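Enquirer: Below are the chains, spelled out letter by letter.
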Amino acid sequence: MKLAIKLAYRNLIGAGLRTWLNVIVLSFSFVVIIWLKGIMSGWDYQAKTDMTNWEIGGGQYWQENYDPLDPFTLLDSHAPIPAELQPEIDAGAVVPMLIVQGTIFPEGRMQAVNIKGIPSDQKIFKIPTQKLDTATDAIPAVIGAMMARNSRLKTGDLLTLRWRDANSTFDAADIVIVDIFSSNVPAAELSQVYIAMDKLQEMMLLPGEATTLTFGESKENRSEISGWTLKTKTMLTKQVDEMIKTKSAGQTILFAILLLLAMLAIFDTQVLSIFRRQKEIGTYIALGYTRGQVVCLFTVEGTMHAVLAAIVSMIYGMPFLLWQAKVGWTMPVDASEFGMAMAQTLYPVYSIGLVASTVIVVTLTTAVVSYLPSRKIAKMNPTEALRGKLQ
Amino acid sequence: MENQSIITIEKLVKRFPMGKDSFTALKNINLKFGTGEFTGLIGPSGSGKTTLLNILGSLDVPTEGTVHVLGKSIGALTTKEAAQLRKESLGFIFQSYNLLAVHTVFENVEFPLLLLKYAKSLRHKMVMDALEWVGLTEKVHSKPPQLSGGECQRVAIARAMVKKPSLVLADEPTANLDAANSHHILKTMETLNRELNTTFIFATHDEKVISYLQRKIYLLDGRVDKDEIITSEKSVAQ
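Keeping their order, the protein sequence lines are chains A and B.
Each residue of the first sequence is one higher than the one before, starting from 49 at the first, in the working numbering.
Each residue of the second sequence is one higher than the one before, starting from 2 at the first, in the working numbering.
So here's chain A without its partners, still in its complex pose (with noise of 0.2 Å):
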């Protein structure tokens, strides 16, 4: 095997363009691959890390009648904070958040929302809740960017705000834009104003009690308590999972196609060497190869291809990767209109595992479309191949 790579590489060398050629088809596939497949690691990382950060924290416990994607269960999602939480919540290691429905009226239009209230002394969130403490005559909230942008609101706009507390009367006041926060997850900041979570207790006659209790150290084991259903964060997070998974799914496709480009260039290389090379392949023979020996040979040689496309890659593959790790790859469209955790710029994220994984798939591929089209000289008569006689 050894003398067969250093005769691979030999020949690989002294092939010169061709052999270039396809090595930096191959390479342009590895830096592909890795970097789609960095952009998604990314993806993932940060949905989830920005998830934590403004939407689910370590895990919640959801208040049992709560189901986000139900509005009319707002109504009745909400019981007072249980007692054995109260330590925690006082530690600041739980936040509670009282979520009820309510309407706003920017520039005279009309719009749901979901009414937060969240302590302001909280920091389990990034949502900047400390603006919430702001001493103004309306009520002050805190809004998100992409709301910002679809309510056309800004920073001191004043609105009204109206509600029905747990009496059911409807009542209405006026709400202060405070603070404007931008954090990617739509469903942080979408048709969501957040308020002081005591002054809403105050408005919606509901002292005490909450909707949500998020906790901000993320345990998988952490205790049921009654009336409330656990949602730990991988529950949470399973929807990025799936999503992910699907967006893979999708890109492999890509990734065939990328694959199967080089890996045709290689095969076309093979079996234009088995049929150029004969009589290369007849001496090699003729002076003491078996045929088993010149098929490793040039299974070896197809598969270096891998080897340097590798090497070329990290050349000119690794600055710009490390560059597209710094900078980021910013989406065409208007990433909050896929109503997904989705940064408008993904910072691709590349792991050892990653790497090494490509590498030793393409490198394999590699290997396997060489081997192929080299069992051809099994079969070959070594003197008609020294003749260079086409069989």
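By construction, these hints were calculated from the structure, which means they are not laboratory data.
Predicted model, so just to flag it, every value in this text is computed and none were measured.
It is possible that some hints are incorrect.
[Said to hold, decoys possible] Quick list of in silico lysine-lysine cross-link-like pairs, DSBU-like style, CA-CA up to 30 Å:
| no. | chain 1 | residue 1 | chain 2 | residue 2 |
| --- | --- | --- | --- | --- |
| 1 | B | K118 | A | K427 |
| 2 | B | K121 | A | K327 |
| 3 | A | K54 | B | K144 |
| 4 | A | K50 | B | K121 |
| 5 | A | K327 | B | K209 |
| 6 | B | K88 | A | K50 |
| 7 | A | K424 | B | K144 |
| 8 | A | K424 | B | K81 |
| 9 | A | K281 | A | K424 |
| 10 | A | K281 | B | K28 |
| 11 | A | K54 | B | K121 |
For chain A, the structure is supplied; the task is to place chain B on it using the hints.
Expert: For chain B alone, coordinates are given in the frame of chain A:
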């Protein structure tokens, strides 16, 4: 020339399939070759000389009869054993040189030694010795496309001789060379034959080669027509 036999051919027949029939290339050949011979298989195209050479080189097998080369029965060898025989004991010289074009002269000559897994320092010494025999030490880094036909054939001789094989088989080695180069090549091989006691068997119909031979085996239509041993002044027909 010594009489110790290194090749024994008995009742050799070689047939090639041709559609439903077969073509008989060698018919009842009986020959013996001794160590250190400088022998030619002479005959026109189609007389069977290359076929015989291929069988002697374990690149092909007899259809009938037996061929023993260096004590090994060619027809009974496995593919691996045949490759082992070629690797260790045989050298080949071809009409069109069959050098590895992308390798340098040094690498081409080194190749048989790589197969034998010789140490690097020993390989280097043996390659340089072989290139010195053929007068090409100044061309070690050249590649075959940069060499003349004569030089290429000298590299091929060096490659065949570098491992000091017992037997060298040369198929029309001068067919692509001019007269001056042919004589140079033949003198080189003659010297190596004399100095290393290597057996040379040529397949040829080139008069220049024939004039150097110590034994001439004339083949005609797959049969031995005449077997002539040349002594200093006269030839003796067997």
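Enquirer: Which of the numbered hints are not met once you compare them with the structure shown?
Expert: Going through the list in order, the structure violates hints 9, 10 and respects the others.
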